[in-house]
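Asks: The working numbering numbers the first residue of the sequence shown as 1 and each following residue consecutively.
Please note that the accuracy of each hint is not assured.
What the hints assert, rightly or not - Result set (EDC-like, lysine to aspartate or glutamate): computed pairs, CA atoms no more than 20 Å apart in a straight line: (1) Lys211 <-> Glu179; (2) Lys83 <-> Asp101; (3) Lys138 <-> Asp101; (4) Lys211 <-> Glu201; (5) Lys83 <-> Asp38; (6) Lys170 <-> Asp213; (7) Lys138 <-> Asp100; (8) Lys91 <-> Asp38.
Keep in mind the hints are simulated off the structure, nothing from the lab.
Nothing here was measured: the structure is a model prediction, and the numbers come from that model.
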Amino acid sequence: MSSFQQLDARCRVETPEGIEFDSSPVGPIPRVMAYFIDLCWRTLIVSVIGVISLMLGKVGAGFFFITAFLLEWFYPVYFEIFKNGQTPGKKKYGLRVVNDDFTPVSWGNSCIRNLLRSADFLPFLYTFGLISMVVSSKFQRLGDLAAGTLVVYETKNQKQEGLPEGVGAKPSSVRLSAEEQHCFKNFMLRSEIISESRQIELANILRPILKQDGQAGLQELKSIGAWLLGKK
1 MSSFQQLDAR CRVETPEGIE FDSSPVGPIP RVMAYFIDLC WRTLIVSVIG VISLMLGKVG
61 AGFFFITAFL LEWFYPVYFE IFKNGQTPGK KKYGLRVVND DFTPVSWGNS CIRNLLRSAD
121 FLPFLYTFGL ISMVVSSKFQ RLGDLAAGTL VVYETKNQKQ EGLPEGVGAK PSSVRLSAEE
181 QHCFKNFMLR SEIISESRQI ELANILRPIL KQDGQAGLQE LKSIGAWLLG KK
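Start from the sequences and build out the full structure, keeping to the hints where you can.
Replies: Shown next as structure tokens:
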């Protein structure tokens, strides 16, 4: 455990099924360090786009501003949804964005927390965001409070927490939306406290995706869920 993590408090949530999860919210210092790495990456990408735009003449200016806008606002959203809640900076320091019930962050919540970075930035250099993190017991900036999200430390076994023994892992044969990925992950995190008959019912609902039903469908559901949670 890092020295930063030792200084941070732990928070705990209880699921409707009575299962408790706990983790360590991340304080301002490691989050600033992770942000700096992401800023360097974004700056590098924008610089490359700028060079390409110069070669495109008048069309290049429009291309540059559109791509720079998308990069500024949706760079973190992409990584939070498709890369297990981790931008390159967060991955470097073992941090991860999750919903405040510790489930994988959803599209809507990710968009809200990142769009509100403009409020966190005020009046300059993320002053409001830093004040909010210091005051909040879970180190949440304004965007986190509005979206119901947390930045937590990812422990070595966090990706596979709650996975049943003997479950293999495989990617889905069809493209899954962010919400579908969220459902698969959520199922795996809570599968051990759901009866097998109910698990099969849920798997049957997903037959259009799984292409199987019954026990075979359930095994397919678990395998895809395990893969999405990082088991390889």
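Asks: Quick one: which hint numbers does this structure break? Sort them smallest to largest.
Replies: none
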